[in-house]
Amino acid sequence: MSDNFGFSDTLQHAADDRTLTYLEAITEALFVEMDRDENVLVMGEDVGGDFGGAFKVTKGLAAKFGDRRVINTPIAELSFTGMANGMALMGLRPVVEMQFADFISSGFDSIVQFAATSHYRGIGKVPWVIRAPSDGGIRSGPFHSQNPEAWFVHTPGLKVVAPSTPADAKGLLAAAIRDDNPVIYFEAKPLYRSIKGDVPGGEHVTEIGKAAVRRSGTDVTVIAYGTQVHTALEAAEIVAADGIDVAVLDLRTLKPLDTEAILEAAIKTGKVVVVHAANRMVGVGAEVAALIAEEAFESLDAPIIRIGGLDTPVPFSPPLEDAYRPNAGKIEAAIRELADY
Amino acid sequence: MNETIRLTAYRWMTLTRTFDETMVAMWKQGRGIGGTFSERGHEAVSVGAGLALGPDDVVAPMHRDLGTYLLRGMTPERIFGNLLGRQMGVSGGRDSNLHGLGDLDLNIIGFISHIPQAIPTALGAAMAFRYRDEPRVAMTFVGDGGSCSGAFHESLNMAALYNAPFVLIIENNQYAYSTPLSQEMKVADIAGRLPGYGLAATTVDGNDVEAVHAATTDAVERARAGGGPSVIEARTMRMLGHAIHDGAEYVPEALLAEWESRDPVRMFRTRLINSGVPETDLDALDQAAATEIAAAVRVAEAAPLPNPESVSEGVFA
Ligand SMILES: Cc1ncc(C[n+]2csc(CCOP(=O)(O)OP(=O)(O)O)c2C)c(N)n1
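Residue numbers (this note's numbering), protein chains in the order written: chain Z, 73 to 413; chain H, 4 to 320.
Treat the hints as calculated values from the structure; they're not laboratory data.
Hints are supplied without guarantee of correctness; some may be wrong.
[Claimed, not checked] Capping the alpha-carbon separation at 30 Å, the derived lysine-lysine pairs in BS3-like fashion look like this:
#1 Z:Lys128 / H:Lys31
#2 Z:Lys402 / Z:Lys340
#3 H:Lys189 / Z:Lys136
#4 H:Lys31 / Z:Lys268
#5 Z:Lys131 / H:Lys189
#6 Z:Lys136 / Z:Lys197
#7 Z:Lys340 / Z:Lys136
#8 H:Lys31 / Z:Lys131
[Unchecked claim] Computed spacing ranges between beta-carbons, pair by pair:
#9 H:Arg265 / Z:Glu275: 51 to 57 Å
#10 Z:Glu275 / H:Gly195: 46 to 52 Å
#11 Z:Gly315 / H:Glu316: 35 to 41 Å
#12 Z:Ser177 / H:Thr11: 36 to 42 Å
#13 Z:Arg140 / H:Arg269: 42 to 48 Å
#14 Z:Ser177 / H:Ala297: 38 to 44 Å
#15 H:Gln32 / Z:Ser266: 22 to 28 Å
#16 Z:Tyr413 / H:Leu109: 52 to 58 Å
#17 Z:His191 / H:Leu164: 35 to 41 Å
#18 H:Phe319 / Z:Ser371: 37 to 43 Å
All values reported here derive from a predicted model rather than from experimental measurement.
Backbone N, C-alpha and C define an ideal beta-carbon position, used for all residues, glycine too.
So that you can see chain Z by itself, here it is in the shape it has in the complex:
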């Protein structure tokens, strides 16, 4: 994975085999939702024509739906995101591709000032989706590896989702498109072609706001989302050999947070590790930890441990990026610390 910068043309289309890659699942959601509702359209840099975007997520869409619904935009994030605002107010449902999540900052005003506040201010509904290819570990450097979800989770009026499985990649994108609010959909680049999973065919919608238990266990709960769900599962397998029984909760939606599922999971084991690839400070993990401390303090048997990317820009060089990122070893150490507590 590290040597292809996330780019590749190898899209396999699986007609009856319902096992899809994470990337194929996203593409399938776009096909299904565009078929279902002609108000859904796709736009962004290089998404159109035969090219199908930097990562090929939109490949084939233009051939099927035409240039009117699959729009190539110039490099103008602030304005095409602003345009999505206007389209959405007029009843369309634009799905905007940020070429990399990192470039979402160039569209910041349109998102946090207009889209996020519009309904509250009585302007109207802004039902768009921004697809933001995020996360690192693939040697893409500081400006192509970021996890900027906390900026948006902090902003009232936005919904934020972050699928970790192919089925959720499809289901949450469909839900985001059907949602009447602006939804930022963080898709994890490292998962695009590295994982496959069963994906329901046809219309498949995963409710926004619901976490999922990926592994049940009685000793320690690891709460994660995106790529780190897989890292957490890896760590859980490692410690299972020593009889430590770990539960893994996948948040799936970062805003609104499934507080019920979080508290239930925390109370069950009394020991919690929160993990995300985004840097730790004021990250989603801080919110999750604070929630548990406020609402379930008496059920805790140990302090909550937060693991995140370090509070530095995401470095490029392999030893630096590896030091920056959470990994199974770091999670394993936290689990053991709590198990021994």
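Please arrange chain H with the ligand on chain Z, whose structure you already have, making use of the hints.
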């Protein structure tokens, strides 16, 4: 261009080309880390424009301006070191590929990925010179793609308004990633937009190093003399994919063939020979470039990666 500067220009163009070809070959052989960008076809722009600057001027190049970095004194081994994530690389392994090649000791502002943030940044440098009444100029580059962004238009309005000692080179290389110029904007003449901001703008053949050099020298001299900003649109072609993994199947072959016939390095070489420069002199420069690049690769590949313990250092000044 006089004889000396012509040979200097050839030296940097052949060094740039050799660097680029070596880099592309290494990445194809799996000796690279992450992705990277080729500047094949841009040599006349980056070298012609870069050579118009004085040592105290500041430049903010982009991902296809390798020649400018080299001629300002950034050594091939430091750049290869950066590409390979080595501690001795320009950013100490923090930034990747041709991003982050900044060194203020060489008066180079490192490229920030978010296009076209180099423009307001270089404009700020120009404003600092104006503020201190220093006879210095700031130059930067942008692609045809980047010229569609708001920051381009906002910055150029301010550059004109404040009469900044600022020179912008638009590298119109026909494509922004997969998107051809015709899908980026309604006009074909990017420079034609600039008089509307009150800016002097010209268009040059971006494959002709002497034409680029002449136009940028005029612009730099005017800026230095207090005559304000200018914009130069250099028309050229991106000869390879957007990044190393992009096969650029979307570019018509005929278009590439047309530009290949006007290859900036070969064209300049032919012109030099026709004007009486002995071919052996040019061969010697090519050979020197090959030796220098091969040595740089050896040094960079053998150099240590950064110590992971240092990952959190340097976040604050
Ligand atoms: C704000 C922003 N959006 C998207 C990108 C991703 N991106 C990097 S280069 C590029 C195309 C640039 O085209 P152009 O400006 O014409 O320069 P060229 O690469 O052709 O030299 C894109 C879309 C970016 N770097 N910054």
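Hints and how they fare:
{"no.": "1", "hint": "Z:Lys128 / H:Lys31", "result": "holds (21 Å)"}
{"no.": "2", "hint": "Z:Lys402 / Z:Lys340", "result": "holds (23 Å)"}
{"no.": "3", "hint": "H:Lys189 / Z:Lys136", "result": "holds (26 Å)"}
{"no.": "4", "hint": "H:Lys31 / Z:Lys268", "result": "holds (27 Å)"}
{"no.": "5", "hint": "Z:Lys131 / H:Lys189", "result": "holds (25 Å)"}
{"no.": "6", "hint": "Z:Lys136 / Z:Lys197", "result": "holds (28 Å)"}
{"no.": "7", "hint": "Z:Lys340 / Z:Lys136", "result": "violated (49 Å)"}
{"no.": "8", "hint": "H:Lys31 / Z:Lys131", "result": "holds (25 Å)"}
{"no.": "9", "hint": "H:Arg265 / Z:Glu275: 51 to 57 Å", "result": "holds (53 Å)"}
{"no.": "10", "hint": "Z:Glu275 / H:Gly195: 46 to 52 Å", "result": "holds (49 Å)"}
{"no.": "11", "hint": "Z:Gly315 / H:Glu316: 35 to 41 Å", "result": "holds (39 Å)"}
{"no.": "12", "hint": "Z:Ser177 / H:Thr11: 36 to 42 Å", "result": "holds (40 Å)"}
{"no.": "13", "hint": "Z:Arg140 / H:Arg269: 42 to 48 Å", "result": "holds (43 Å)"}
{"no.": "14", "hint": "Z:Ser177 / H:Ala297: 38 to 44 Å", "result": "holds (40 Å)"}
{"no.": "15", "hint": "H:Gln32 / Z:Ser266: 22 to 28 Å", "result": "holds (24 Å)"}
{"no.": "16", "hint": "Z:Tyr413 / H:Leu109: 52 to 58 Å", "result": "holds (53 Å)"}
{"no.": "17", "hint": "Z:His191 / H:Leu164: 35 to 41 Å", "result": "holds (38 Å)"}
{"no.": "18", "hint": "H:Phe319 / Z:Ser371: 37 to 43 Å", "result": "holds (39 Å)"}
In this structure, only the earlier hint numbered 7 is contradicted, and the remaining ones agree with it.
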